[in-house]
Structures are given as C-alpha cells and as structure tokens.
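Using the hints, put the two standalone chains together into the complex.
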Amino acid sequence: MVVVESAGLTDVGMKRKGNEDALFYDDELKLFVVADGMGGHQAGEIASDLVVKTMKDYMVRFSKKGEVEELADSDKTLSKDANRLISGINLSNQVVYQAALKKRAFQGMGATLSAVYFSEDTLIASNVGDSPIYLIRNQEIEALSVTHTVIAEQIALNQNQNSRFGKEYSHMLTRAMGVDETVNPDICELQCFKGDSLVIASDGLTDKISAEEISKIAQSKRPAKACRILVDMANQRGGDDNITLIAIKVKQVLQQRKGMMNRISRFMRKG
Amino acid sequence: MPMLTLRFKKDEKNLGDFVVENGKSLTIGRLEDNDIVIEDLAVSGHHAKIDSVGDKFLVTDLNSKNGTLVNETLISHPRWLRHGDIIIIGKHYLVFAYTSEEDQPEDVHTPLQDTMIRDTEQFRNMRGNSRAHPQSRHGTEKEPVGVLSFLAGGEGEIELTKKLTKIGKNVSSDIVISGLTIGQTAATISKRPNGFYLSYVGGFSKPKVNGDTVKESVQLNQFDTIALGSLKMQFLIKE
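Chains A and D are the protein sequences, given in the same order.
Heads up, the first sequence is in the numbering used here, so the first residue is 61 and it goes up one at a time.
Heads up, the second sequence is in the numbering used here, so the first residue is 530 and it goes up one at a time.
One chain only, chain D, in its complex shape (with noise of 0.2 Å):
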C-alpha cells in the first residue's frame, strides 16, 4: 500500500504516516472527523480527499478556501496520484509513495490519463443542442444540478437531468456499461426533493461509493466516488 507522509513546510518534521488502502478514501481537513487531520487555520474543515479508483489513487480538492497544489500546480480538477508526488496544503505538504517493495500501476505515467476530464464549457457547447431540455417544464427555479464525471471507462461529463437515471446494460439505458456481470439496469441514480441518490437494482455487480458497496440506496454528496464494473465516476453538484 502506498504511504502518505505529512510534514510541516518549515521544519520538515514529520508529523504522521497514513496508509492508503485500496478501496478505501481518505480525507483531509482542520475538522476533527477527518482521516488526516491538520490543525492550521489556512485548512478547509474537509479541505481534499484520496480516492482509491481501480488500482490508483486521485486527489480531489473539496472546493477548499486556499486550494490544494500537487507539484507546486494548483489543481482545478481530480488528479491521479503517482509516486513522489507532493501535495501542499497550506503549510503542510504530505508526501505520496508507494514503498519500494510494492508494483506501482504502470499506466498512470501516460499523459492522457491526466485529461481524462473534458472541459467541461466545450463539452457543453459541444453537445448543444442534441442534449433534451436541460431544464424541464417544471418551473424556472434554479436548482441544482448533479454531474457525473468519468475517471475511467468514459469520457466527459453526464449531467444528471433526468429525475431517474439508469445505469446498465441495457442499450436504453442512461450510461450504458458491459460486463458480463453487469445487470441489464446495475443501477439508478433519482434526483429527490432533498438531493440525489444511487440505488442498487440487480446484476452480479453491485455498485461501490467510496469503497463501499451499496446493497439498497445512499445519498450522493459532493465528489463522491461511483464504481460499477469497468466505470468509474466521480460524482459533483454544481449550483
């Protein structure tokens, strides 16, 4: 398993080593419920997460005050994760590596599985106007919108402006995924007057959220991470 060792910026003393486990997310912030907890008024209360996505690991910023920087590079989006990398937080910065006995998966060095993530201003402009009413008769109200986006086995964004979303095999579905294992609809996504959520519908394959597998229904929160066969999403709500 790869290790996450946190430092603080002036002295370099180490203040604590967090294994990342497979399957498993971590998060990062002031608040006490945190996973890595750094004490300095400069860090979000949950201010980034890892996520651990197939064999890999990625690094989201939780939309925190200050930013969160890999490499010196402010991140706008989910990054992957690779051995030595350095993410600063504040005046903290934690140190990514596998150890030196350990694989390290081998395609997360090509460039493309960097922009996985399409912009998601031209994907929209893109799509235009093949996409069904994205607001529907329903109103004008602002409400807001949850978006899907790929990390693997898909490309771009799926905004989520149907009230029930399906996700399977089936060819009518909303995301269409194959797999053996996959059911004819694996999972739906309903958008609920109280926010969104991921049900289990049938199929071997039962979808995980955050490393967990998901039996009846959960509620989706920001940045989730959605896995099902293959597929690999990230889950966002944009006001």
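Extracted from the complex, chain A is given alone in its bound form (with noise of 0.2 Å):
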C-alpha cells in the first residue's frame, strides 16, 4: 500500500478573467488529476470541471466496489488498475463530447488531462495535451506525462530539423479531450518509492517556472507549502496564464507480505 500526502491549488493568474483549470486530489481513492480546458464564453472552464468530476465519480465507484469485473475493452499492454483510469478517461472524454454536441455555445470545447493513480505499489501517469506530469526522485526531475503540442511533436518526429513552427502554434494541442469521440491517452505504470515527490501542473505554472525550480521546491517543502510558493512565484513573473498545480509525497510503500521468505524475514526480524 502507498501512502501519500499532497495538495492542490489554483489561481486565477493576473491577465485572465475567468478559471478554465480544474482539479482534483484525494490521498485516500490515490486519484490526483488536473484539467487546462479551452474554448470561448466559459465553455473551457465547463470541459475542465467536466473532466475533473467524471474522473473522480469514475474511480470512486471503482475503489468502493472494489474487486469489479475485467473491462470489456482492456489493454492487454497494461495492469488492471492502468486500465480502471484509461476507462476513467475514454469516459470523461465521451462526457465532455457529448455536451459539446448538445449546445451550440460549447462547441468546439475542450480540455487538457493529467492524472495520476496510485495502485497497491505502483504509480501510473496518464495524460492527453500538454498539462505535464513530473516526478522527481533521487534530486533528478522527469516528465512522465508526453506532450501533445504540434511543435512537441514536430520535434520528436525530426529531432535535427528545428521547428518551422512559430511561437503562435506553442500552444496548440494535437490531443484534447472532448474534440473527438475517442481520444488517445499517453500511460506509464512505474514501481512507486518512499521519497518520491510528484507535481502536475497547468502550463500557465510550466511557462514561467523551470523544471529545475519546480524540482528544488518539491523536494524541500511540504505539498501545500510547495503550492502556494510554485504559484506565488508564476505570478510574480507576470501570471500570464492561469496557474494550477498539485503537489504529491510519497510518505510510505508497504509491501504485501506473502510467501514463505517474507515469514521467515519477519520471524527473524521479531528474534
């Protein structure tokens, strides 16, 4: 079992008026997601809040059944759980999709995603467009979230030609959720570790603080405490964007103890 603490918060930033980030974090269901939404007359701030609800009423039905029937549509690439919060996000896809349809004004609506999901001792980062997902282990930072821009891809297509892509495409998303009828969530499962710290943050956060930075607070601080200065910090820089981020620390990894060497371990460890 994983023990974790985090925090989350978001900010309006100093140029916008209204809020399209979303969020949602839980130590107890594990579930920890943000969401960049997009589209005009606040309809951006409706996909954001329309993913962050169905992700979280998706694994809390989930986690209160618990041991629930194999998914007709599993990944055979990927664990049980991994599956459980790609559901989640086909879902919360489908919801914000439909909505779109059925109203003129939230046409063209969409959202980034980023979630994270601890299992029994694993992590597992999914994400669709380019809300990043970091963790930092080891004084070492790593994005496991992959981004869905068209320069980012550009890039990772032809790594020697440079972009042909000006700034105004920076921000364009190749993934969204809520555009398409399916969309196609980037995953990676990975072993979890007592000291490992993550952050998920909107861009309006990743435009103004380096990794770098964002690595020496996560490490040195308590979640909230980290929040509350990443955020202070983005807008001191100008706040162009609004600036969500969530914090997480993994406090705890316990082992199941099955087998015969694990008894004979803890017997020795009593003696």
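Don't read these hints as lab results, they were simulated from the structure.
Worth double-checking, as some hints may not be accurate.
Stretches of chain A that chain D covers, calculated by requiring three or more beta carbons in the stretch to come under 8 Å of a beta carbon on chain D [unchecked claim]:
{"#": "1", "segment": "113-121"}
{"#": "2", "segment": "135-146"}
{"#": "3", "segment": "199-208"}
List time: in silico DSS-like cross-link candidates among lysine-lysine, alpha-carbon distance up to 27 Å [said to hold, decoys possible]:
{"#": "4", "chain 1": "A", "residue 1": "K136", "chain 2": "D", "residue 2": "K767"}
{"#": "5", "chain 1": "A", "residue 1": "K140", "chain 2": "D", "residue 2": "K735"}
{"#": "6", "chain 1": "A", "residue 1": "K311", "chain 2": "D", "residue 2": "K735"}
Each residue gets a CB set at the ideal place from its N, CA and C atoms; glycine is no exception.
Pasting the structure below:
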C-alpha cells in the first residue's frame, strides 16, 4: 500500500478573467487530476470541470465496489489499475464530447487531462494534451507525461530539423479531451518508492517556472507550502495564464507480505 | 580471475593486461571513458563489452561500425568466452585467458551454451498470434521496442510490450522464476516516456544490472545485463 500526502492550488493569474483550470486530489482515493480547459464563453471552464468530476466519480465507483469485473475493452499491455484509469479517461472524453454536441455555445470546447493514480505499489501517470506530470526522484526531475502539441510532436519526429512552426503554435494541441469521439491518452506505470515527489501542473505554471525550480521546491517543502510558493512565483513573473498544480509526496510504500521468505524474515526480525 | 591481454596485430606488442572480474563489466572502445581504450579510428567510441554472468564471461558487440570478431568469426550475438579466445577489434586483438592455477567454468564447452539465444525472426513467427497486440491502441507511431534476451534461466527473447512487466515467483508474473529468495514480484520493468526502467520490488534477492545491485530503480541501456537469482538476461532496444 502506498501512503501519500498531497496538496493542490489553482489561481486565476494576473491577466485572465476566468479560471479554466480544474483539479481534484484525494489521498484516500489516491487519484490526482489536473485539467486545463479551452473554448470561449466559459465553455473551457465547463470542459475542465466535466473532465475532473467524471474522473473522480468513475474512480470512486471502482474503489467502493472493490474487485470488479474485467473491463470489456481492456488493453492487455496494461495492468488492471491502468485499464481502469484509461476507462475513466475514455468516459470523461465522451461526457465532454456529448455536452459539446448538445449546446451551441459549447461547440469546440475541450480540455487537457493529466492524472496520477496509485495502485497497490505502483504509480500510474496518464495524460492528454500539454499539462505536465513530473516525477522527482533522487534529486532528478523527469516528465512522465508526453506533450501533445504540434511543436513537440514535430520535434519528436524530426530531431535535427528545427521547428518550422512559430510561437503561435506553442500551445496548439494535437490531442485533447472532448474534441473527438475517442481519445488517445499516453500512459505509463512504474514502481513507486518512498520519497518520490510528483507535480501535476497546468502550462500557466510551467511556462513561468523551470523544471529545475519546480524540482527544488517540491523536494524541500511540504506539498501545501510548495503549491503556495510556486503559484506566487508564477504570478510574480507575469501570471499570464491560469496557474494550477498538485504536489504529491510518497510517504510510505508498504510491501504486501506473502510467501515463505517473508514469514522467515519477519520471524528473524522479531527474534 | 581471467585476464585480457591487448596486443597490436602487426608487431604483437603487448599493450596492456586487464583483469576480468566476477560481477564486473568491462567496456572496450576508442573513447576515454572505456575500461580498455584502443586508440584507432577503426574502433568505435564504445565498441564492445565484456560482462560477467555467473562464473562465466560474455562478449557483446555494441553495434560497432566495423564489428567484433571472436576467433576470426564476426559475432552478431553476445558470445561466451573460453580460455584462449581471441577477440579482434580493428588492428588490435585481445586474448582471453584464465590463469593457470584457477578453475575454469566447466559447462562453457558444451555447444548448447552458444545457441541459447534463439533466432528472433523464427521465434517471433512461432509465437505469432499467441501474443497480445504488439501495438497497443495508443497510436501507430513507431516506438522503440525493448527486448529481454535470455542468457540463462530461459530461452529466446521477450518483447517488453507491456507498460509494466513483472518478474517474480508469482504465477501471474510476466517472467516467472523460482527460488526461495525470490519475491512474489521481485522486480518490474516499466516503459516511461524517456526509456525503460528496472525496479526492485521485494524478496531477498535483489536484481543486478551490469553487476551492480539495484535497490530502487535504474534506467536500462542498450546491452545491459540483468541478473536475478538463476535468471540472466540482456536488455536490447530495437528501433
């Protein structure tokens, strides 16, 4: 079992009127979600809110029922928990997509989604869009998310050729929640260790603050304090966009005790 | 400990003796960061390496430009080293020899040991449909494929198609190994956006990568050797 401590914070920033970001974090459920909405007339707010709420409801349903049936469309390359998370993402996508179809004002709305979910002893990170998920382990910071923007994908395809696209493309997404009937999230699952820190953010934060700065603060401060400091920093540097982040610290990873060697090891520890 | 003696082909001049230790890896190449540096433009930056696997030693060509020969045969797969083997790299050669007083591993001479890595193409066809979709539903872009090639404790290769591959005693593991000291899930390999990582999970036996014990998590690099209990594997990335 994994024990985590987390905190989250969202801020409208210095320039925008509304906040199109949404977030959800729960140490018991071990689900952490950030969504960054897009679309005019408050539609962006609706989209990100729908994504986060649907994710939460779906995962709560699973955790309450305990062991549930295998998912029909499960991906064999993923664990059961990762499949659940993917199903939640697919459902959220459908909810936003259907809402956008129903109301004219909602046409073209969408959102990014970045989620972290802890299973028995692993962490699962999945994302759609450009809201980063960072893992900080042994003083090193690494992105567990894949950036789905025109520029990032262009660079990934052709590393030598410098981007042909100008700055106006920097936030043009190649994948988003709610714009299509189906969605294609990137996902990874890895062993989780005591002392790991994770940060999920919207680009309003990461446009202003470097990964190294995030790494330093996330490691040295408790989650709530880290969130406050990072949001204030982004605002001091202009706060051009909404700023949102969730900071998570892994406090403990308890191994399931099974098998003979474990019984012997426990016995020896007692003696 | 066996010894590698580096000589220049032309005049057979001895350019150095290198001890090959149990549990340690040696790299051979043109660049300074190798254990055995050969200053010759025909030698790749990182040309080949020697790994210790159990009580035996293995030579692997690191996709070098001009290749590595053992006893005048170009090696395409990692190869076990025997007393008196000659490794040829460019205009140099290395003689692998045990010192006279030490015991040589016995089973190194059995021909079976040389063919433990099965022809991948054939093996893939054989397994054919039995495997899950090689490409998940996530897009069609070409991703590098991680492969584990058995050196001991199994045969053939395993493609790391899963996001998380489990190794352990539990029957639901992707790679099942037995042993009193092996954990139910002993180790996992996860596919992350920037590569493959091996993590220790539980049990008395901790995995070793290139002879170094893994206590938490390490990134896997091309041709790394992984040891856990009786299991010995080599990690490969195929584009």
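How the hints compare with the structure:
With 0 residues carrying a beta carbon less than 8 Å from a beta carbon of chain D, the segment 113-121 of chain A misses the three-residue requirement, and the given coverage is violated. Given a C-beta distance limit of less than 8 Å, the hint that chain D covers the segment 135-146 of chain A holds, as 6 residues qualify and 3 suffice. Counting residues of the segment 199-208 of chain A whose beta carbon lies closer than 8 Å to any beta carbon of chain D gives 5, which reaches the threshold of three, so the coverage claim holds. Pair hint K136(A) plus K767(D) holds up; C-alpha atoms about 21 Å apart against a cutoff of 27 Å.
The suggested pairing of K140(A) with K735(D) holds, with an alpha-carbon distance near 26 Å, which does not exceed 27 Å. Pair hint K311(A) plus K735(D) holds up; C-alpha atoms about 22 Å apart against a cutoff of 27 Å.
The structure fails to meet hint 1 from the earlier list, while all remaining hints are met.
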